[in-house]
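For chain Z, the structure is supplied; the task is to place chain C on it using the hints.
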Amino acid sequence: MSSDDVLRLEGVSHAFGDTRVLDEVNIDAKPGELLCLLGPSGCGKTTALRLAAGIEELQQGRITLSGQTVAAPGLHVPPERRSVGMVFQDYALFPHLSVLRNVQFGLSDLDAAAKRKRAGEALEQVGMSAYGDSFPHMLSGGQQQRVALARALAPQPRVLLLDEPFSGLDSNLRAHIRDETLHVVKDSGTTTLIVTHDPEEAMYMADRIVVMNAGRVEQIDRPDKLYTAPANAFVTTFFSSINRLEGTVRGGAVATPFGPLAAAQLGEGIRVEILIRPEALRVAPFTGVLPAGAARAHVLDARMLRRASFIHLCFGEFEGQHLHFHSREPGRLMPQIGDHVAVTLERAQTFLFPLTEKGA
Amino acid sequence: MSSPSLAESAAVPAFRGRRLFNGWTAFTFVMAALIALPVVVVLSYVFVPSGGIWQHLASTVLPGYITTSLWLMVGVGLGASVIGVGTAWLVTLCEFPGRRLFEWALLLPMAIPAYVIAYTYTGLLDFAGPVQSLLREITGWSHGDYWYPDVRSLPGAIVMLTLVLYPYVYLLARAAFLEQSVCVLEVSRTLGCGPWRCFSAVALPLARPAIAAGITLVLMETLNDFGTVQYFGVNSFTAGIYRTWMGMGEPAAAAQLAAVLTLFIGCLVLLERLTRGRGKVHHTTSKYRQLPRYRLNGGHALLALLANGLPVLIGFVIPAAVLAVWAWQTGPRIIDARFYAEARNSFILASLAAVFAVAIAMIMAYGLRLRRSRATTYATRIAAMGYGVPGAVIAVGVLIPLSQLDGWINDFTVAQWDVRVGLILSGSIVAVLFAYMVRFLAVSFNAIEASLAKVTIHMDDAARTLGHRPLGTLLRVHLPITKGSLLTAAILVFVDVMKELPATLLLRPFNFDTLAIRAYQLASDERLADAAAPSLAIVLVGIVPVIMLSVAIAKSRPGSEATQQERIAEAVMDKTAPGGVNLERA
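Chains as they are written, first to last, in the numbering used here: chain Z, 17 to 376; chain C, 41 to 626.
Since the hints were made in silico from the structure, they are not lab data.
Note that the coordinates shown come from a computational prediction; the quantities given were computed from them, not determined experimentally.
Idealized CB from N, CA, C, for every residue including glycine.
Check each hint, because a few of them may be wrong.
Ranges between beta-carbon positions, derived for each pair [what the hints assert, rightly or not]:
(1) C:Val227 to Z:Thr35: 39 to 45 Å
(2) Z:Pro89 to C:Ser84: 39 to 45 Å
(3) Z:Pro111 to C:Asp451: 53 to 59 Å
(4) Z:Gly205 to C:Ala66: 42 to 48 Å
(5) C:Leu244 to Z:Gly58: 40 to 46 Å
(6) C:Val227 to Z:Met320: 43 to 49 Å
(7) C:Val591 to Z:Asp214: 43 to 49 Å
(8) C:Ser84 to Z:Phe32: 37 to 43 Å
(9) C:Leu519 to Z:Gly48: 35 to 41 Å
(10) Z:Phe32 to C:Leu353: 57 to 63 Å
(11) C:Lys523 to Z:Pro47: 52 to 58 Å
(12) Z:Phe32 to C:Leu392: 40 to 46 Å
(13) C:Leu519 to Z:Gly205: 32 to 38 Å
Excised from the complex, chain Z in its bound form:
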């Protein structure tokens, strides 16, 4: 956390009745940064967003905007005073106002001419200049989303908050609108927080991602770091499907079908789980000789998934676990069912974590 953070949540906790929704959450957003709050439903990401906006009252912790405290126990600066822009899942455009008037809604400090100009600029940024006199019900979902974005950006807020802004769109439209939104937001230079449950969306858009689970922040990092250096099993499994097996650290290493994996830092005798991404398994036909570090498996099924082959592999029994793994192989390797293959492991995409009682 640095002093030039635009938005900062410190030690924020929140509960609805008896349900604890946020637990000592710390989030910071740097100027111009696009931050994604990513996590499964119910992890508290929308609540964190609403607290930042001021439409939910803070119970515990502190929230600052550009260094000024806007929320603390006993202090609540209302949303109309915070200079935050917000885009909601259902866009919440005002049905009784035209598109232009919607966008002008937040510009009451300006005189009429300045209002028109600024609103016009905002509409142009999102490519909706031609629709100024239309009404929201005449627009498609994608168009409404753009107007909602223009409306939030027009007053030039300190922070832009988007709550699952693409979930209401058809999936083929989503990628296109997502890309447009990304460029609009980056061009405006506004610090942005986006809430999403889609890891691919987060990786596409964010400078950094805040991975949340059950009210806690699991990890905050750049997308590539999150993928290649996840902090725990949850973060690992959130970004891709995972092949999993368990083992015990003996003599500083854990046994796997691919040979021992060094694990001295985890402690002797500790039960660990080994998480392997599908792309970490390299499949090659079995020629009769097993190369070093390879394991033998037979193919249960092989599917073509656009860019990659998806292969179901059976490694048989290993230390009491029946291993049925998936491999994602770029290219068009399509072995036959029942083929024997030699599978090697790419260490970079394999992660070891101590086994906790509650699992991944």
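The following block gives chain C in isolation, referenced to the frame of chain Z:
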């Protein structure tokens, strides 16, 4: 009213503590307290010894009041349910010539206040009236030679009330039948259910909560009625309260009668809630599907026509025609400066009441939206409960504290400046308007709350993040979006106030008469034909909401915009108890 205390700059704390008590919710609590006051005052008289009067009443007339009121309730309840449910069934689920007409025409009797229809039929059917006179002329009989049913009796009162109150049951039953799962009805038909079986075994049980709500509303209106029972000499509670207050000059005893009546109604509401059980009217999808209708032919169609036609004929067409004829005959004499003054008074009272009711309801509904807590929810429920309380009871409950207040004010002014200011509150328009608010706030509140649902919570939040305070959001977002419903609510309150009799009678300022009062006075003087002109004026005003509702029904298809209007109007019918039926939320 003030907006919540907000920071002038971002650094100044906006409000302290977590229990936020802003201006909006404070207003709601104050309103709830004011509205509850008359009822609380009346109920407190249960505990006040008032000397021998109460014992005297209890031993003489109280049992009579109770049995009479019970008979009224049973009679009107039965009559209104049979007519209301039967016609609703025929009109929604059967096809016969004239069905589309009856769909909205069956509402017409709602435009006529019960006392007007009572005066009209008395004038028509009484000994000296045209019907009996014609009969005597034709047959040559004279008084005592023939038997003719006496309109001015308990059965007569039951019939009168049934005629004007069945539309409430009709409306709710009709909505329930329409909303029922079309699939359920279709399945029952494929399983061989004929119209009658389908009705009794499937449709009726499913519609029971709605029908129960409608009947409760009818019963509350029955207990509220004053003009009819008083004119017919039927000794029900409201007549007794009025007589004890005005005739005997015993406010305390009157208040005790009022307390008993209120407890009565409380039990009624409780009963309705209990019988509602877990039955909820289930939503169908919002897609429109044509209900399969039973085709009625020949004799059946004729019966259906009769069943639908008679209520409309007897409940509206005949009285309206008679009123029109009498008004035409007596108009030149009756419609004079005094008439215009009374019309003006009615108009002023109704307009003021409408404006206040809408404004107060809007503030309360919005305040509830801003900060929904259990306390505020209860407070709004209390404020909206007044509809169930009869006008006579409210009048008593208003007059007692206001007189007391006047007394204190006079004591104060006499002590300070040796000046007696007289009755400034209890004899003024303030008292009447207060009573109207207690009784009719429910009407505007339910309509407005239902329509506020059109504004999503996200729109509220969006407006706040775009720099507008709660008050600004109310003015720039909520009001423009709901203004149609605000107008509807205003019209409904306006019409209800125009028709109101008992509270106005007891509370109006000296020399301040309304059209309703005039009709009442003329009828009391047995000048029934003369009473036609003010009565007709009231009916003409009362037709407006019926027309609005009829148009909505005539145009409606489930899921369409017109049904939205219909739902808002039905939310008004949602007066039975706090929370009401909740058939649907707009």
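Practice problem: Just pull the numbers of the violated hints for me, sorted ascending. | Solution: 11
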